[in-house]
Amino acid sequence: MSARAAGAPSLQGVARCGSRLGRIMRLMFTANGLMSYLFLYAPILVLVIFSFNASRFVTDWAGFSLRWYAKLFDDAAMMAALKNSLIVAFASTLVSTLFGTMTALAMERYEFFGKLGLDALLYLPIIIPEISMAVMLLLFFILARIPLGITTIIISHIAFNISFVTVVVRARLAGMDRQLEEAAQDLYANELKTFWRVTLPLMMPGILAGALMAFTLSLDDFVITFFTAGVGSTTLPLRIYSMVKLGITPEINAVSTVLIAASMTLVLFSLLLQRERRTEKVRNI
Amino acid sequence: MGESIAVEVRSVTKRFPGPGSRPGSEVVAVDNVTLQILDGEFFSLLGPSGCGKTTTLRMIAGFEHPTSGEIYIHGKPMGLTPPYQRNTNMVFQNYALFPHMTVARNVAFGLEMRKVPKEEIERRVQEALAMVRLDGFGSRRPNQLSGGQQQRIALARALVNRPEVLLLDEPLGALDLKLRKEMQLELKTLQREVGITFIYVTHDQEEALTMSDRIAVMHQGRILQVGTPTEIYERPSCRFVADFIGETNFLEGTVQEQEESRVTVLVDGLLPVIAETDHRLPRGARVSVAVRPEKIRLVPEPVPGEHNTFEGRVEQVVYVGTATLFRVRLSPNVSLAIREQNIISTPDSRAYSWGVGGQVHVAWLYDAGRVLTD
Numbered sequence: 001m002s003a004r005a006a007g008a009p010s011l012q013g014v015a016r017c018g019s020r021l022g023r024i025m026r027l028m029f030t031a032n033g034l035m036s037y038l039f040l041y042a043p044i045l046v047l048v049i050f051s052f053n054a055s056r057f058v059t060d061w062a063g064f065s066l067r068w069y070a071k072l073f074d075d076a077a078m079m080a081a082l083k084n085s086l087i088v089a090f091a092s093t094l095v096s097t098l099f100g101t102m103t104a105l106a107m108e109r110y111e112f113f114g115k116l117g118l119d120a121l122l123y124l125p126i127i128i129p130e131i132s133m134a135v136m137l138l139l140f141f142i143l144a145r146i147p148l149g150i151t152t153i154i155i156s157h158i159a160f161n162i163s164f165v166t167v168v169v170r171a172r173l174a175g176m177d178r179q180l181e182e183a184a185q186d187l188y189a190n191e192l193k194t195f196w197r198v199t200l201p202l203m204m205p206g207i208l209a210g211a212l213m214a215f216t217l218s219l220d221d222f223v224i225t226f227f228t229a230g231v232g233s234t235t236l237p238l239r240i241y242s243m244v245k246l247g248i249t250p251e252i253n254a255v256s257t258v259l260i261a262a263s264m265t266l267v268l269f270s271l272l273l274q275r276e277r278r279t280e281k282v283r284n285i
Numbered sequence: 286m287g288e289s290i291a292v293e294v295r296s297v298t299k300r301f302p303g304p305g306s307r308p309g310s311e312v313v314a315v316d317n318v319t320l321q322i323l324d325g326e327f328f329s330l331l332g333p334s335g336c337g338k339t340t341t342l343r344m345i346a347g348f349e350h351p352t353s354g355e356i357y358i359h360g361k362p363m364g365l366t367p368p369y370q371r372n373t374n375m376v377f378q379n380y381a382l383f384p385h386m387t388v389a390r391n392v393a394f395g396l397e398m399r400k401v402p403k404e405e406i407e408r409r410v411q412e413a414l415a416m417v418r419l420d421g422f423g424s425r426r427p428n429q430l431s432g433g434q435q436q437r438i439a440l441a442r443a444l445v446n447r448p449e450v451l452l453l454d455e456p457l458g459a460l461d462l463k464l465r466k467e468m469q470l471e472l473k474t475l476q477r478e479v480g481i482t483f484i485y486v487t488h489d490q491e492e493a494l495t496m497s498d499r500i501a502v503m504h505q506g507r508i509l510q511v512g513t514p515t516e517i518y519e520r521p522s523c524r525f526v527a528d529f530i531g532e533t534n535f536l537e538g539t540v541q542e543q544e545e546s547r548v549t550v551l552v553d554g555l556l557p558v559i560a561e562t563d564h565r566l567p568r569g570a571r572v573s574v575a576v577r578p579e580k581i582r583l584v585p586e587p588v589p590g591e592h593n594t595f596e597g598r599v600e601q602v603v604y605v606g607t608a609t610l611f612r613v614r615l616s617p618n619v620s621l622a623i624r625e626q627n628i629i630s631t632p633d634s635r636a637y638s639w640g641v642g643g644q645v646h647v648a649w650l651y652d653a654g655r656v657l658t659d
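The listed protein sequences correspond, in order, to chains A and B. Quick note, the first sequence lines up with residues 1 to 285 if you use this note's numbering. Quick note, the second sequence lines up with residues 286 to 659 if you use this note's numbering.
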């Protein structure tokens with residue numbers, strides 16, 4: 001094939017391995033992919049690398065060291081923030097998973113008055129700007145005369161996490177075969193036993209995925225937490241923010257690295273659980 | 286076969302809220318159905334999709350409740366009894382095996398719910414797996430089995446509980462043709478061995494004819510005919526049954542005279558045809574005569590005595606292996622489908638030729654035609 005013919009911008013031209021244009025196109029696609037990933041992950045990579053920097057200046061590399069990690073765990077304020085973060089994350093995950101799962105069941109399994117409206121409202125915390133939700137929550141707490149502190153943070157996190165848990169659990173429920181529950185009832189299991197023995201085990205991957213997602217979102221949240229936190233209820237992201245205002249130290253790099261690692265692990269678990277579901281489905285076909 | 290009644294469906298009607306769920310816009314799924322199913326019987330509910338057969342089965346299982354009427358299982362009215370308190374078990378169309386349990390746990394589920402002692406569960410699960418020829422598969426997961434194997438596990442899971450009645454909702458629908466034929470015979474054999482009443486829902490008329498002791502043909506929520514496969518096939522009660530089960534030629538005409546069960550019908554554009562009926566028919570009533578294609582013979586000469594015989598022209602010849610299908614036109618608006626078994630291996634060796642355009646005579650016994658009034 002002549003080079004002139006290959007010059008036509010056709011799909012065949014791209015697919016044909018031998019042609020010059022095809023080679024260039026494939027190179028560009030690869031470069032595009034690499035650049036996208038570089039753009040996304042290079043800052044994180046730099047941050048992680050410099051968290052192991054021996055120097056106390058962020059931009060000068062002075063050899064490998066774990067001193068900032070050691071300092072991190074000696075920092076009482078930082079540890080208090082971590083403790084707060086974990087309390088908030090666990091409490092809000094627990095409550096939102098429970099309510100989110102029940103909401104998902106109600107939405108998926110029952111018909112009731114106003115279901116359509118509630119369904120739409122459920123997505124609100126996911127789609128509205130976080131800052132609006134933060135302001136609304138703050139106003140609510142002031143109006144309700146609830147003193148700001150760790151309780152208000154937990155309540156706020158529950159408020160947005162319920163939506164996320166519901167969406168994830170509902171997706172799982174929607175893909176579930178209703179006949180399985182009928183089969184259980186046909187085999188002498190009453191409603192309660194059917195739920196424990198069949199419905200709940202089949203929902204479990206969805207519930208766990210939802211819980212992990214809630215935990216991650218709670219752990220990372222800044223905007224809503226910033227508005228609803230009070231004295232002595234500083235969480236890790238808030239602590240980092242206040243430290244950054246005084247200048248970036250390698251300690252911030254270290255704590256960020258820890259947060260990133262924790263988040264990524266949780267998200268990975270969550271994805272694995274949802275992936276399990278998909279392969280299960282594929283095998284059943 | 287026992288003479289006691291296993292399941293009785295008495296004047297049962299089921300209405301579902303229609304689309305839009307406005308009051309009054311209801312769909313009648315089952316319309317005043319009455320059935321008596323005997324102990325140990327293989328009973329089929331046969332009909333096209335949407336005829337109400339599955340709804341009827343689901344009402345017997347307890348997943349749906351009749352809008353009016355009552356269902357009795359061994360004489361006990363079921364009322365609103367939930368499925369888990371009924372001694373019936375169901376084999377679902379797509380098996381509905383629990384994906385999070387092993388095969389053995391699936392089969393044991395019903396026994397565990399009934400708190401049967403552990404050793405007995407163990408023994409009965411093994412027996413049930415052996416019965417469906419899947420011993421040794423207990424520790425596998427349902428998704429590691431083929432469709433046919435899953436089907437058998439579903440059967441074992443139901444039968445292990447020794448139900449009074451086994452309900453089967455198109456259980457072979459998802460299998461390929463060859464496996465389906467195998468499973469049909471296997472199911473029938475199994476049913477004879479265990480002696481449990483089977484109620485089988487299907488839209489496949491051949492399947493129903495092959496397996497059933499009796500068949501109920503349903504259409505638009507109503508029962509059109511109940512009878513043995515022979516009765517349903519040879520003496521259909523109405524045009525729908527005749528048309529749905531197998532193939533049929535319909536000859537439209539008016540009743541000329543009736544003598545006992547034998548009726549002379551003046552078929553439009555043709556000479557009189559003599560056929561059978563179970564009813565008293567008034568002179569001049571509009572009827573149709575139904576004749577099965579395999580009951581009509583192609584002959585070189587008119588056949589005397591007890592035969593309807595006409596002359597016609599061959600319009601179409603289709604060779605289908607076991608048989609040859611002919612279409613023969615008797616008059617401008619009457620033509621017949623005829624099925625001739627291929628007894629002779631080469632059609633050319635016949636003394637006469639039935640080629641397209643050839644003049645032939647057709648003949649069928651008076652008994653072969655059924656007069657239908659709708």
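Just so you know, these hints were derived from the structure itself, not from any lab. One thing to keep in mind: the hints can contain errors.
Stated by the list, open to error - Derived PhoX-like pairs (lysine-lysine); straight-line CA-CA distance at most 20 Å: (1) A:K193 <-> B:K400; (2) A:K245 <-> A:K71; (3) B:K463 <-> A:K193.
A quick note: this is a predicted structure, and the numbers were derived from the prediction, not measured.
Structure-based check of each hint:
1. A:K193 <-> B:K400: holds (13 Å)
2. A:K245 <-> A:K71: holds (19 Å)
3. B:K463 <-> A:K193: Violated - the C-alpha atoms of K193 of chain A and K463 of chain B are around 39 Å apart, more than 20 Å.
Hint 3 alone, counting from the list given before, is not met by this structure.
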